[in-house]
Amino acid sequence: EPEVTQTPSHQVTQMGQEVILRCVPISNHLYFYWYRQILGQKVEFLVSFYNNEISEKSEIFDDQFSVERPDGSNFTLKIRSTKLEDSAMYFCASSEARGLSYEQYFGPGTRLTVT
Amino acid sequence: AQKITQTQPGMFVQEKEAVTLDCTYDTSDQSYGLFWYKQPSSGEMIFLIYQGSYDEQNATEGRYSLNFQKARKSANLVISASQLGDSAMYFCAMREGEGQAGTALIFGKGTTLSVSS
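These protein sequence lines are chains P and A, in that order. Taking our numbering, the leading residue of the first sequence gets 3, the next gets one more, and so forth. Taking our numbering, the leading residue of the second sequence gets -16, the next gets one more, and so forth.
Honestly, I wouldn't trust all of these hints.
[To be verified] Simulated coverage check for chain P against chain A, where a stretch passes if three residues somewhere in it have a Cβ under 8 Å from a Cβ of chain A:
| hint | segment |
| --- | --- |
| 1 | 33 to 47 |
| 2 | 75 to 84 |
[What the hints assert, rightly or not] Stretch by stretch, here's where chain P covers chain A in the computed footprint (C-beta under 8 Å, at least three residues):
| hint | segment |
| --- | --- |
| 3 | 14 to 26 |
| 4 | 29 to 35 |
By construction, these hints were calculated from the structure, which means they are not laboratory data. Predicted model only: the values in this text are computed from it and were never measured. Where is the CB? At the ideal position from N, CA and C, for every residue including glycine.
Construct all of the structure, not just a fragment, from the sequences and the given hints.
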């Protein structure tokens, strides 16, 4: 069964450093998403991406964040200058199409630790 | 105001028993979708079941069913015949607005389910 993959599974970085989190969505999916989950808290939406542009973003997704689809398969989240509060699990998700019934398939997550 | 409310931080059930995980939602949209996800201790998010606001019948997927009460704005997850492997965090989530591209999922805070033998 096709699945969303994410690399790395765990990233440790120092405050102020740039990180890039990578995702390979399911191949025939057109909509891509990033969510984050601070330890013990609920999952929060960051951004959605379609047709090479951001279609929706939350208040969390400020100028420190950017997303890109550098080639036909990868989808990346960049955090320019990490802060301690960016420590969280970051989930990539993808869905086949628009429409409420199209579930978002989540990857296994990247645990980001900022020290 | 919270869009998704899960009032049970933790639930305990014995194997083979049924359990209901509560979820209430708040939206002014006529079209919306409700989802349940399971998050085991390994961390991944696993889709369980979907209910559309216009669906007249409650959704079912194997041992999972969604008790959808639109007037009460509740979408409770019922797990029948609980198994040890059901022990996990369960999240209720909502998407609002039919036909909008890339609509975000709004999650509740989750309920931890513990199944004992």
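Hints, one by one, checked against the model:
| no. | hint | verdict |
| --- | --- | --- |
| 1 | 33 to 47 | holds (count 8) |
| 2 | 75 to 84 | violated (count 0) |
| 3 | 14 to 26 | holds (count 7) |
| 4 | 29 to 35 | holds (count 4) |
Violation of the numbered hints given earlier is confined to hint 2; every other hint is satisfied by the structure.
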